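Could you slot chains B and C onto chain A? The hints should help.
Protein chains in written order, with our numbering: chain A, 1 to 397; chain B, 398 to 643; chain C, 644 to 1294.
Derived by calculation from the structure, the hints in this document are not laboratory data.
Incorrect hints may have been included.
Said to hold, decoys possible - Residues on chain C that point at chain A, a partial pick, calculated with CB under 7 Å:
id, residue
1, Ser916
2, Asn933
3, Thr934
4, Val951
5, Arg954
6, Thr1088
7, Glu1092
8, Gly1099
9, Ile1102
10, Ile1270
11, Phe1272
12, Phe1276
13, Pro1281
The structure displayed is predicted, hence computed values, not measured ones.
Don't be surprised by glycine CBs; every beta carbon is placed ideally from N, CA and C.
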Amino acid sequence: MTVVSSGPKYPGGGFLAAQPATLWFLGGLGLFTLGVTVLAEGFGLGTLSTSMVKILGMTLCLCLIAVAMDVVWGYCGILSLGHFAFFGIGGYAVGMWLMYARTEGIVTEALLAAPIPPTETEITNAIATQIFGVVGSSELPVLWGFAHSLPLQLLMVVLVPGLLALVFGWLAFRSRVTGVYLSILTQAMTLALSLYLFQNDSGLRGNNGLSGLQNIPGLDHLPQSTLSLWFFWASALALGLGYLFFAWLVSGKFGSVIRAIRDNEARVRFLGYEVEHYKLVVFTLTAIVAGIAGALYYPQAGIVNPAEIAPIASIYLAVWVAIGGRGRLYGAVIGAAAVSLASSWFTGGGAPAIDLGFYRINWTDWWLVLLGFGFVAVTLFLPRGIGGLFDLLVRKS
Amino acid sequence: MSAILEVSGVSVTFDGFRAINNLSISIPKTGLRAIIGPNGAGKTTFMDIVTGKTRPDDGRVIWGEKSVSLLGLSESAIAQAGIGRKFQKPTVFEAQSVGDNLAMALRAPRGPFEVLRARRSRAADDRIHDLAEEIGLADALPRPAGELSHGQKQWLEIGMLLAQDPALLLVDEPAAGMTPAERAHTTDLLKRAAKTRAVVVIEHDMEFVRRLDCRVTVLHEGAVLAEGSLDHVTRNQRVIDVYLGR
Amino acid sequence: MRPDPLRACLHALAILLVLLLPDSGHAQTPLQPLLQEHRAAITNPSRGTATAMVAALLASGHPEAAEFLRRWQDRGVVERRADGMFLYSDDAGGLREIDGGMAVPGLTGRDVAPIRPNAGVRAVVAAALVPLELTAPDPERRRAALDAIARSPEAGQIAPLTVSLDGEADADLRDRKARLLTLLTAQFGPDRASRLTAIESLAGDTAIEARAVLNQIAARVPGVAAALPEGANIARVLEVDEDLTEIEAHDRLVAARLAPPRPTAKDLRDALSAHVEGGSVGGIPLHRLNTDDMRLRAYEALEAAGRVPPRSGPPEVSQAVAAHVFFETYPEPDADITAAAEAALSATTRQIALYQGADLILDGLSLASIFFLAAIGLAITFGVMGVINMAHGEFIMMGAYTGYVVQLFVPDYTVSLVIALPLAFAVTFGAGVAMERLVIRQLYTRPLETLLATFGISIALQQLAKNIFGTQARPLTAPDWLGGALTFNDIVGISTIRVAIFVLALIFLALLLYILKRTRLGLEVRAVTQNPGMAASMGINPDRINMLTFGLGSGIAGIAGVAIGLYAQVTSEMGANYIVQSFMTVVVGGVGNVWGTLAGASMIGFLQKGIEWFNPSNTLAAQTYMILFIILFIQFRPKGIVALKGRAAGD
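Just chain A, with the same shape it has in the complex (with noise of 0.2 Å):
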């Protein structure tokens, strides 16, 4: 590994001043969600469908949780393949709040019809029996206590992955678990996760997942182009807050004890600092970070289920990363922007199909194949990604 990363270190005050690359990508940034806002339905010109603005905000979500798996993969050397199961379980903190609330919306409007009003056992009841009908009970599970309250939910979108992460991280790197082995663990939990999930007495609906996550309560009347158009900026402005929370991070000693750490973690032992403890610290801090995009990713996708959860999730994960370039945050932003929409521009049946004579390629066949394939060649022949070509061209500017 020899990435070599530029500018002073130590951060005082105007670290950004520092950061040419964190500034043009704040720019470029606010310069895209303007461009948006302009041309989408909701707000200007309809250029821009609704769908298309949801796409680019989930785009946008993708982003930040690429930066985060950079910052524990690529700054800190550990390639987590669990960073999607965070991802997920943001989805459904908030996910459950959205189908109670929603729910509730529903249920009390229809008990209220009758003479009496409703308890409140009645209402819940009425409720668990709507979500719960699918998996075959009618019983509020103890995961659910806190769904009625947004603020609590919001609570378990930083907590739950927090925790998660904070006591798998603990036993893994207490037991200096590194390398190949870290991931194999890692991948371990998300496949237990996703199993777990599965299962219809999981209270979470097994394989029906919770969906109708895109109305939101108390929200009703305002239309989808302009929802979506509120969840872009959201979208942005986490975008923006992470990636200069972990440009921050990177920049000063922080970064370059965990690039030391990544690079040879016996040697920053001997130096006398806790590794365990850095490793720590970062693989929380970024699961946290890809709880909050999770949240803000499913609402817009409107459905979550435990296949988003399985390991291949957390794979192209890094393999978004690994294209776009490890060890630069930008190029985690480019990997995850260019993979998923290249990806739902070739599976949703956009890129025009080959005819060989013999034979017709259709992409949403060989898309797959091809990903494969070209992660291959940018795995040999690019290793630092699309990001290292920046390196060429400045270099010979």
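Same frame as chain A, but now just chains B and C:
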């Protein structure tokens, strides 16, 4: 003079092979000490035990004025207690600049949150500059450490050790792969460092040890074979036998 | 089943007659007149008339009577329309006299009326014939009769069975008869002593029929009454709060109509809704009725006004429950018999637990060998070489599809299997070598990137398989000799294919140990793994060795694919299902050691089966807990079960 490090009766076995066999060594508070011995004598394992990388099966390792046992402490805790170690193969962080390497080693709070809150200070900058001057890398501060020559990396690592300001310095074959001029510089560095702290050097090269001009401990099969001045130990018949393989 | 005394008597009578008049067959009096006496019952039988008719025919002792009944039951008897005579009709439509068997030519289908006894009537006949069939000369007919007894055991069958036992020549059938006799005696034995002996002899017998008999004897019926009934065989008295909750007890009272039901929240609500007057119920305004408390008060107000029936509230429930005894009784009146049956059952339960343990071990063994097969290739590439190959699962898949393609061309399953195994090895060996040369070789110093690059190959291969073979599962059919199962008794059994997989795993283990420990290749592999530079300087070509080793690991994955495909389905995703478990197996077992992989596979296999045993309905949960356990296990043994120690372990 009281000892800063007291190793007594330490043994360690790897898969039936006794790497260290009832070893006892005492290191005084200041001054140089050279440890020599043939391959497999247990020199590096001795360092591994002191720095916490290897747990011994038996024995005690007592550190400092408060007589703390080092057994059971983590590597980083031992480093924070004041023991610095330089590896045989120079290990500096090649992706980062010389300045960053030194800054990381600089004596300062080591916890992640303290490091996050840390601000760049005038005093630290000055100290880094002084150290760079001392190891002859003042001009190379902004350069990535990976670009340095082999000898310069060795010095950078010694500089990082000095930046830690340890009470005991463990140095594993510092002169390996150096030019004669570089060796002379290294000797000076170590001698100067030994004025205020204990320095233990593991070395193969007799010429280098002679130039260090210090007390020598000869290890063989995981135990002390002889101890004294270089001339004294080289006259010892058992040492001669061991070195000549008789 | 309750014995029917009338039928039992008839059976006994029939048997006696048959036995007492062994020579009656020589009389050769025609049967037809006797049949005509019962013509109504024969042409248009009901269960009742048929029973009497069958008894009468058998009681006549006519040698042809049983044969007639058998044919009649099989719808092989017709009635001649012209004179109402009964004739035998065979499958081809030929007609014969009943007495003498003379063919009756010249009749068409119109001249005769078919007789079709219904299923109930046929059962009556079959049951009546059983005693006769037990001594039939054809062993198959005797066996069929025994099966009929096993299906519907009755008290009356004891006597004929006892009698037929002595004359039984076939050892197998004699055992079977003795066993059925024991089962019948346990249930319907004539006296207490014989029943007790039979029941005691069934203790520890795990066969399903034996357990069914014991369970039937020891069956319990829940009961509730004001006081314990006199003379009943009480199994136990249930204590409220200990054996059942007050609510459960009350539910039983309600079910027995000894107490009015508790009104549910909905009943309450409906009752209140029906009495809304001027915006309030029972004097409480409607908008305040949104708590259970207020609703109860409203109901009580209505109750006080006599407008609703009194509610069975908590005090009433307690009172009702306290006034009754809850118990379980045995329908079997004899307490000694039920006690013996309970004792025999508990002995059986212990035996079953033992067998289930054995079965669990077999299951675990078979799962372990599947994990071992899936992971053994990885033990070489990941364990020995340290290369992490995420496409390993796809090599398994390629092997399975190779087997599928071979079966398309070679229809004989045995031959195709013989071709498929080496071919799968060749195909995946080639794929492995190609991957090693083109990709992995460039990345030996970057293990994490190997993980990602091989993942890229994995998704590409998976999608390619989908494009070529489609998304639905493809069959890989096992030859017939692998289709059966090895059954030890009613509980312990294992399918032959799993035994085959176990054997295959053993072969691989031996082969691999041989290659690694005893051959030149193994020596060179170990040399290259431990110190590539030194190995190269000794004239070993590390590139070639790495290539061969990787090919070997991949080839074994291919063979494993054929084996796994035989018992599971072949899909493009089958490899992905095994990859995480396989890595776990290698990591848990201890990297760099074939024995370690065996230990890891055994641990994970047995563990998963063990967890499934606690919660058999939920294999997903079992997998979840197993993975959590593995994560914790790695905390305590980070280097696996079989860990290399000291410097060799490296850092």
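Each hint, compared with the structure:
1. Ser916: Interface hint status for serine 916 of chain C: holds (5 Å vs cutoff 7 Å).
2. Asn933: Given a least distance of 4 Å, the restraint on asparagine 933 of chain C holds.
3. Thr934: holds (6 Å)
4. Val951: violated (14 Å)
5. Arg954: violated (17 Å)
6. Thr1088: With a closest approach of 10 Å, the threonine 1088 of chain C hint is violated.
7. Glu1092: holds (5 Å)
8. Gly1099: At 4 Å from the nearest chain A Cβ, glycine 1099 of chain C passes the 7 Å test, so the hint holds.
9. Ile1102: holds (4 Å)
10. Ile1270: With a closest approach of 4 Å, the isoleucine 1270 of chain C hint holds.
11. Phe1272: violated (10 Å)
12. Phe1276: violated (10 Å)
13. Pro1281: Holds: closest Cβ of chain A sits about 5 Å from proline 1281 of chain C, inside 7 Å.
The structure fails to meet hints 4, 5, 6, 11, 12 from the earlier list, while all remaining hints are met.
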